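Participant: Sequence:
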Amino acid sequence: MRKVKVLLASAALASLIAAGAAPAVEASGHTVKLSGTRFEMDVPNGWAPGYKDLDNLFMIFFKDPKSGAVLEGVYVRGAQPASFTLGDFKKARISQQDKAYEGKDHKVAQEGDAAIAGAKGNYILTTWKEGGKDMEKHTAQHLKDGHRYMVVMWGEKGKVDKKVFDHAVKTFGLGK
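Just so it is clear: in the sequence shown, position 108 is 108 by the working numbering, and no numbers are missing.
No lab work stands behind these hints: they were computed from the structure.
The structure presented is a predicted model; accordingly, all values stated were derived computationally and were not measured.
Incorrect hints may have been included.
Cβ-Cβ distance ranges computed for the label pairs, FRET-style [unchecked claim]:
| no. | residue 1 | residue 2 | range |
| --- | --- | --- | --- |
| 1 | P81 | G132 | 40 to 50 Å |
| 2 | D88 | L125 | 17 to 27 Å |
| 3 | A115 | L57 | 17 to 27 Å |
Derived SDA-like pairs: lysine to any residue, alpha-carbon spacing no greater than 20 Å straight-line [as the list claims (entries may be wrong)]:
| no. | residue 1 | residue 2 |
| --- | --- | --- |
| 4 | K99 | F89 |
| 5 | K159 | D64 |
| 6 | K162 | V74 |
Every residue gets a Cβ at the ideal spot worked out from N, C-alpha and C, and that includes glycine.
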């Protein structure tokens with residue numbers, strides 16, 4: 001059954017490649033290596049894939065069919081000036097999330113440092129309420145030569161497996 005799911009996920013991502021999104025997959029063990037022109041990371045086998053290719057960002061996402069949790073790899077388009085810092089990136093992200101979850105009791109629950117793409121990054125854990133449920137979002141951010149990258153995992157509190165997020169962050173790398 002897992003082989004079928006991997007084949008279906010691979011077929012779905014292959015259709016994304018044909019549509020110009022350019023990710024590729026390599027299955028091994030319990031994860032799939034997602035490789036693209038901007039970044040790569042491991043994602044769980046069997047999670048439903050999708051993508052957004054917008055003017056301001058490129059995002060590949062995977063949804064856990066059991067918990068509903070979503071894992072995202074994000075490249076924010078547009079280079080920032082040399083004076084733009086990782087701290088600026090964190091402030092901008094928190095501000096953007098405050099606006100997106102306005103009226104939903106959005107809070108920063110935890111902040112810290114993170115190693116992403118083998119380099120210094122930051123980590124933000126936010127919480128909010130959605131439809132009577134407590135939600136959480138883990139975000140790791142990386143800034144390289146003015147380009148912004150994120151690994152994000154969100155879902156209902158208690159249903160988000162942080163080990164999956166941590167593995168995606170650990171295996172994150174910049175595209176070739």
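Participant: Run every hint past the structure and note whether it holds.
Facilitator: Cross-check of the supplied hints:
1. P81 to G132: 40 to 50 Å: holds (42 Å)
2. D88 to L125: 17 to 27 Å: holds (19 Å)
3. A115 to L57: 17 to 27 Å: holds (23 Å)
4. K99 to F89: Holds, because 15 Å separates the two Cα atoms, which is no more than 20 Å.
5. K159 to D64: Roughly 10 Å between the alpha carbons, so the hint for K159 and D64 holds.
6. K162 to V74: Distance ~18 Å between K162 and V74 Cα, so the pair holds.
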